[in-house]
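**Q** Single-letter residue listing:
Protein chains: 2
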Amino acid sequence: MNDLRKAVLGSVEKLFERKQFKSLKDLLSTMEPADIADILSEKPPAERVFLFRILPKDIAIEVFEFLEGSDREELISCFTDHEVAAIIEEMSDDDRTALFDELPAKTVKRLLYHLSPEERRIANTLLNYPDDSAGHIMTPEFIDLDEPLTATEAIERIRKSAPRKETIYTTFVVDGERKLKGMVHLEDLILASPETTVKDLMDELPVYVYTETDQEEAAQTMSKYDLQTIPVVDRERRLVGIITFDDILDVVQEEATEDFERMAGISPVEEGYLEAGIFTLTRKRFTWLIVCIVTQVFSSHILERYAFALESIVALTFFIPLLIDTGGNTGTQSATFVIRGLTTGEVTREDLKRVVRRELVLGLILGAGLAVLAGLNAMIMGTHAAVALTVAISVVGVVSLGNLAGTLLPFAAEKFGIDPAVISGPLITTVVDVLGLLVYFEVARLVLGLG
Amino acid sequence: MNDLRKAVLGSVEKLFERKQFKSLKDLLSTMEPADIADILSEKPPAERVFLFRILPKDIAIEVFEFLEGSDREELISCFTDHEVAAIIEEMSDDDRTALFDELPAKTVKRLLYHLSPEERRIANTLLNYPDDSAGHIMTPEFIDLDEPLTATEAIERIRKSAPRKETIYTTFVVDGERKLKGMVHLEDLILASPETTVKDLMDELPVYVYTETDQEEAAQTMSKYDLQTIPVVDRERRLVGIITFDDILDVVQEEATEDFERMAGISPVEEGYLEAGIFTLTRKRFTWLIVCIVTQVFSSHILERYAFALESIVALTFFIPLLIDTGGNTGTQSATFVIRGLTTGEVTREDLKRVVRRELVLGLILGAGLAVLAGLNAMIMGTHAAVALTVAISVVGVVSLGNLAGTLLPFAAEKFGIDPAVISGPLITTVVDVLGLLVYFEVARLVLGLG
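Chains A and B are the protein sequences, given in the same order.
Just remember that the numbering used here sits 239 ahead of the position in the first sequence, which is counted from 1.
Just remember that the numbering used here sits 239 ahead of the position in the second sequence, which is counted from 1.
No incorrect hints appear here.
Distance condition first, Cα-Cα at most 30 Å in a straight line; then the derived DSSO-like pairs of lysine-lysine:
id : chain 1 : residue 1 : chain 2 : residue 2
1  : B       : 420       : A       : 245
2  : B       : 399       : A       : 404
3  : B       : 282       : B       : 261
4  : A       : 463       : B       : 264
5  : A       : 399       : B       : 404
Some chain B residues close to chain A (C-beta under 8 Å, calculated; not the full set):
id : residue
6  : 560
7  : 571
8  : 669
Honestly, the hints are just simulated from the structure, not real lab data.
The beta-carbon is built from N, C-alpha and C at its ideal position, and this holds for glycine as well.
Kindly generate the complete structure, drawing on both the sequences and the hints.
**A** Put into structure tokens, the structure is as follows:
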């Protein structure tokens, strides 16, 4: 944090302790809402409610939008429905949808009842779009302009409609049926000569997304075209809302967290790790763990089938962890490249052959290098040279198979319309275990002349 | 992609085939530079150069900024130094730094020589800030205003200085020593009554970052405060540049990719997976694989130490993969929550105790559930009940240890100032292997009365 900001935070504490609430209120009014939200979240509930109540109303609403889920719920529980309704009536429509997503359905129903008919209609419309869709996270608070307006008139219109709008920097032109006709940047209105018309200044082929577009795709589109604001249209191309860059940063972070979780074999935890209860976390983690432990039936059976080999040369057992972990590790490495590439768009379905080729080459190089180390490891332990050779050869096989599985599984998921990130590390590890053990014992039979 | 955009892409192809280059040029001029860049990247080099040359110069520069690294390098290699210099002279300073980061040092040196003295000085300054620092990705192309200006005068000033500036939506006030005094939003200038002064409208306590601040922290700060633009200051708080939201989206994606790579035990691949050569990828993947395979010496030694147990009851071997994979999987799940939480700021060092407590509870719940499945698995295979019991008890132990290791290792890294994401899955797997095998054989000794 900047030194200046730290000094201000210190002053807030002092004024609070000395109960100089008038000065405290004045000081808070100069601060960033995000910082006030930080201060509130560190206070015990009673003080938090008190501080919140002394904030000027417009700042209070902004602070409320910046608070974390659980802090917000606690505040709401301390207020009367009437007080809460006054806040949510004034919130941005998109922030309100996000708040309702967090609250219990019963509370939402009660709060909706206290909203004005107009805001209630908007809130219901947004809540009804599927979770994680562009429609669900958009806000209908955009400014529209008419084509014949001059730049000067347009700026005047923007000035008048600015309050309660999400952004004044990007405005829109729609036709008689409310279909999106163009997008106008305030920058162009400011720089144009005063008599230029909106028609001449507007971008007639603006990039847009549909209400049902996935929020991740909306984020990628905004990132691709460097857009601050993207229009959201319905099936008939009628303009129904906008998404702004601040929401998109949240989406990108959220989606990355989900992918991290999926890759570790966890179903996405929507409420965040610390907010989620033990029961939720158990449920989110159990599914893949169960799949993997049940699938391990195969590795157990393979080992049982080759029990004769393990009984005659117990040293073969010593290298099982080394072998299966190495395969799992390289497989996860390949999968990470492919999954991340498919997610960010760097890798596409057309790259399959190229990726398989390079992963096979990489598998051989990495496998050869690791084989030498694994063989040396076995020799130093005093294992028979033939066993060391078996281990070394198997490492090359298991690394190549790991790379191949790590490459093919995410591409297969993508092909079947499944998010490639569900191809988690645990799944790859289990698949490569089974394949790796088969390779190991077949190599052992050949090299050691067993069975 | 929108239907309209698809139709336009079709027209581009047709005009190109029919060699109607005048119309093609006019059509391209109406398109988004990002889409033109897409078209170029799909063309063979000769056609790409041709299409690029028919673009109007201002669009050509924007398109160039949107092209991928390898496509850009190819274009550059087809142009004379003079032509390239004309392009990079006009590029945004931050995009030029990004381009220079990708090009070989020799090429950069040659191109710098062709720049105007002013642009060369700027380019050198930015290149000299550490990679991944705010200074390295910022641009000095901001607009500054004086406090006494009225809103009307300020807007006039902005109009005049707009060309070649990165944004007109956020402007700054500096004092005589160029120290940052305030930040002014165009929105406030537009909405204010014409005679209000900049001094009255400016935010006197703007959020800023230092030139040496890590780009990830800069991104988090912008996200926290919902900023479109953040000022970058030097140690003396002199304003030296700005970072805008479009750069930050790239940073967030880039940093997420790096964390994905680190967690899979890969050193960050800066040039992107498809752009990187086989040799680079080998190097980036080898380090952790080697560490892990060498560390497997411990698991081999443990198995050797308990060879007597494995020789008397070979069935113990059958469940080694099940056991170590389960520990590795649960450990990676816990680590993913902690690493991602520490990265996004949801989890802080103060949460250590709370996280350890809940991970231990989770370990017992998950362990108990998985133990039942693992025990059943063993029973169904016809293994002796005592071995099945050994496996079941060990699963509880290994899952709890996995959770504990997955929690403590990232916190430890954070404490020692290391990015917690370096606590990769492979590392946790190896640590849990060793601990899990020890648990397994000690349980076996007790339950089966061995040794």
